[in-house]
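Full structure from sequences and hints, please.
Chains as they are written, first to last, in numbering that gives the first Met the number 0: chain C, 0 to 172; chain L, 0 to 435.
The set of hints was computed from the structure by calculation and includes no laboratory data.
Treat each hint with caution, since some may be false.
When the alpha-carbon atoms are kept at most 25 Å apart in a straight line, the in silico PhoX-like pairs for lysine-lysine are as follows [stated by the list, open to error]:
1. K339(L) x K235(L)
2. K150(C) x K126(C)
3. K235(L) x K128(L)
4. K20(L) x K77(C)
5. K89(C) x K28(C)
6. K89(C) x K128(L)
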Amino acid sequence: MERIFCDARKCLGCHACVVSCAIEHSQTKELFGAMGEEEPPVPRRAVLSFEGINLSLSCRHCEDAPCVDACITGALRKDQNGTVACDVAKCVGCWMCVMVCRFGLVSPTVIAAKCDMCPDREGRTGKARYACVEACPTDALFVGQYEDFQKLLAQPVKPRSPLGRLMGERRLS
Amino acid sequence: MRHVIIGASAAGITAAETIRKLDSACAIVMISDEENPLYSRPLISYYLAGELSEADLSYRPPNFFESNQIDTRLGVRVVRLDTRVARILLSTGKSLTYDKLLITTGAAPKFPPIDGIQKKGVFGFRTLKDAQGILRELPHVRQAVVLGGGLVGLKAACGLAARQGVEVTVAADSPRILSQMMSEGAATVYEDLFEERGIHVRTRVTAQEILGGECVEGVRFADGTRLDCQLIVMGKGVEANLELIEGTDIQYEHGILVNERCCTNIENIYAAGDVAQTMDVVRGEKWTNALWPCAVEQGRIAGSNMTGQVMRYQGSMAMNSVQFLDLPVISAGLAGLREKNYEEEIIQRPSRWVYRRVLLTEGRIVGFVLVGEIERAGLIRLLMSKRVDVSTLKDSLFDRNFNFAKVLPLVLDQPERFSEPEYQELRDAIQVALRQ
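Below, the structure is given as structure tokens:
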């Protein structure tokens, strides 16, 4: 299945993906509108910082997804693409999914907020398909099958982007 | 190959779905004593409160049975099981043979043998029928009493309190409500909340007699006090439905004993859900954890193994998440009032409606409860279920910035424990970056 992976060699930890995710899941879908909303939109991804490495992470859409097992309403289901999505009309906010998520990546807002693979962007292609991928200034976020991501990891990273350097990238070659 | 599944709630439905996914040709027969079993039992309190309609309780599409080619016998009970000839006898008088049998007969509310318990107006709170029965009584109910301060009782109490004009009292034997989920400190948060919202809480009271003629008129407690009421809901816990296997050669204690494949001591008979007694990863012994997430997972494991695809269950644990009157709580492991098997506890109560407690033994988490702010629950539960030493982490568990990054060193160092493919993917990405 198609998922979003982060190449930690390229991630600056700039949180652009986090911000764009929150905007994408806001009512107005634009920054200043989102900031003014009564219920501030919640990002469905987080940046992990670990021993000088940054990695942007969202729902892994786990093979045996514990959140799907735990959901008492059937709101969380795996669709035919393997995406674990939350049917917001069915979610009652019991937070069983929050209790069992192996990555701590379901947020208890009014409904279970998690990566939904940007359903409102369906029809868009390339980088624009997902808000986080589009926002990443260093192309650290990769969309595809895991096997393809492994191939990418096997290759050396391309020379750093000027923007990356500007934003304080540490590992200059 | 004919798979027969007795029971059609969380475990049974998930097993049937799993079997069909792995084997499109086999026959699947499901038997349920309910006419319409496709609803979620944990949601009946929302139905009682009037927040969800009957249709909203469904967790699978209405054509689930047809689309999965499942042959159903609904409103039918299984009255006898003969394991020697692999045959069951139905309440209709018909019999049915099986190649593989899955028992998901669930559990039933306990009705203690107190005087008057059979009176009209005394209900369990487990099935849609229970909730509908309560709703039918409601028009002439002014006061309702919930016996038992556990999760089910309190969900019923909240459901009843949402209906105008019903005065609700929760009466518990134990010194505190929710005594299986939490200890004193957290329970007082809820006792305060319930009182504030008009639900009375009485603890350390044991019901001795249900008063009235044909219908309930009140309840008398062992201390001599009494409460007038026209409705009683039993929230005294559940017990596994074992009638069917009593007298057979299937082994059971509090539930049907199963191995890590959810198989009983008889090779072609499986059990899952509230009726099954599985290895509890925190307790280290077999235990009945009658909980929706456990039932679904066990159903998946049983279904998979029934088709020959071996899948091993990691084990169950006590865990629950619920939101009473908008205040959420998540509790897991040995967090109850009577659990004393821990060496160390960390407690925080930063504000009136927030309470956190983690219990540790030998550096490992053995239980926790989070009230009010529940964001970190998944990670704390992960650390508990993996039985890892959290000595280096324990002081930061409740920090606002506690996230998966803090767990990463353990995931990197202990691939054998964190063996799910999703963790392996993460290790690959991190290790490549670390080598850079």
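Checked against the structure, which of the hints given earlier come out wrong? Result: no hint breaks.
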